[in-house]
Amino acid sequence: MNDDRLHAAFRELRRDETAHVPPFNRLWRVPVRSRPLTRLAFALVLIVIAAVSMVPILRRHRAPQTSITEWRAPTDFLLKTPGQELLSSVPDLKGSTQ
Amino acid sequence: MTDGVMQGAELEREVEQLHAASYGWALACCRRDRDDAEEVLQNVYVKILEGKARFDGRSSLKTWLFAVIRRTAAAHVRRRIVRELLLAKWGRQELEPVMPNPHRSAETSQTSATLLDALQRLARRQREVLELVFYHDLTIEEAAVALNVSIGSARVHYQRGKKQLLAQLDGKLAP
Chain A
1 MNDDRLHAAF RELRRDETAH VPPFNRLWRV PVRSRPLTRL AFALVLIVIA AVSMVPILRR
61 HRAPQTSITE WRAPTDFLLK TPGQELLSSV PDLKGSTQ
Chain B
1 MTDGVMQGAE LEREVEQLHA ASYGWALACC RRDRDDAEEV LQNVYVKILE GKARFDGRSS
61 LKTWLFAVIR RTAAAHVRRR IVRELLLAKW GRQELEPVMP NPHRSAETSQ TSATLLDALQ
121 RLARRQREVL ELVFYHDLTI EEAAVALNVS IGSARVHYQR GKKQLLAQLD GKLAP
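Taken in order, these protein sequences are the chains called A and B. Going by the numbering used here, the final residue of the first sequence carries number 98, and the count climbs one at a time with no gaps. Going by the numbering used here, the final residue of the second sequence carries number 175, and the count climbs one at a time with no gaps.
Just so you know, the hints here were simulated from the structure itself, not pulled from any lab data. Careful, some of the hints might be misleading.
Simulated coverage check for chain A against chain B, where a stretch passes if three residues somewhere in it have a Cβ under 8 Å from a Cβ of chain B [to be verified]: (1) 9-15; (2) 19-30.
With a straight-line cut-off of 25 Å between C-alpha atoms, the simulated SDA-like cross-links for lysine to any residue are [claimed, not checked]: (3) B:Lys-162 / A:Ala-50; (4) B:Lys-47 / A:Arg-39; (5) B:Lys-172 / B:Arg-121; (6) B:Lys-47 / A:Arg-5; (7) B:Lys-47 / B:Asp-36; (8) B:Lys-162 / A:Arg-5; (9) B:Lys-172 / A:Arg-39; (10) B:Lys-163 / A:Leu-6; (11) B:Lys-47 / B:Val-77; (12) B:Lys-52 / A:Phe-24; (13) B:Lys-172 / B:Glu-141; (14) B:Lys-172 / B:Ser-153.
A virtual CB, placed ideally from N, CA and C, is assigned to each residue, including glycine.
Next comes chain A alone, as it looks inside the complex (with noise of 0.2 Å):
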């Protein structure tokens, strides 16, 4: 066994494996696939009419606001006391008189 020998049986197994080598325009292209930029961009774009179609169902179940001076603070039964009246009265001395 020497080095032409060893090349000859090179030479066959190079012979055997590029007998059935793909075409080289099969190969040879940009295959067709979405990239990370398009898919980012596509992301974006849902995102933007998700968040676009939650404004009306926001909006929707907001409360309705109520002017300032309307406005009563939940507490506020709190400062009725008894005998309040005669505190926001003035009595009437006259009548009293008589």
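With chain A held as given, fit chain B onto it using these hints.
Coordinates of chain B only, in the frame set by chain A:
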């Protein structure tokens, strides 16, 4: 062999001339699996077309192309191993042994089958250097560039590999 930076149609023409050799090297890097070799070679071509792999003319086109094929095949094999491990873990599937199978590419002669069997018993670097030198007619210096090793290292792999290969093939090949 053309040195210097090439682009467009000229590069395509040169790569096409090397297509059969590139496919043979891809086969060697993919354990003789034709489907894997084809996928790897297409990935390499896509890298070239998209400009991710650029030939700068520092070596011959063939050497550069073979280096790209080898790197791409290594990444491909790594991804497949990870995928198979995940499938085995999550899907409770039996993990297919990642063993070289020289007979996966059909239609090989007895001589070729014997040679492949002997090659599979060599260390990976030795096998790669021998295939580049004997199969692809590269010099040891060019093989060193394609494998990204020093010339001294490539020479050692070549000498040791050839010695072992000759010993294994002794008397096995038809005269």
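Hint-by-hint comparison with the structure:
no.	hint	in the structure
1	9-15	holds (count 5)
2	19-30	holds (count 9)
3	B:Lys-162 / A:Ala-50	violated, 66 Å
4	B:Lys-47 / A:Arg-39	holds, 20 Å
5	B:Lys-172 / B:Arg-121	holds, 15 Å
6	B:Lys-47 / A:Arg-5	violated, 38 Å
7	B:Lys-47 / B:Asp-36	holds, 16 Å
8	B:Lys-162 / A:Arg-5	holds, 12 Å
9	B:Lys-172 / A:Arg-39	violated, 56 Å
10	B:Lys-163 / A:Leu-6	holds, 11 Å
11	B:Lys-47 / B:Val-77	holds, 17 Å
12	B:Lys-52 / A:Phe-24	holds, 19 Å
13	B:Lys-172 / B:Glu-141	violated, 30 Å
14	B:Lys-172 / B:Ser-153	violated, 29 Å
Checked against the numbered hints above, the structure breaks hints 3, 6, 9, 13 and 14 and satisfies the rest.
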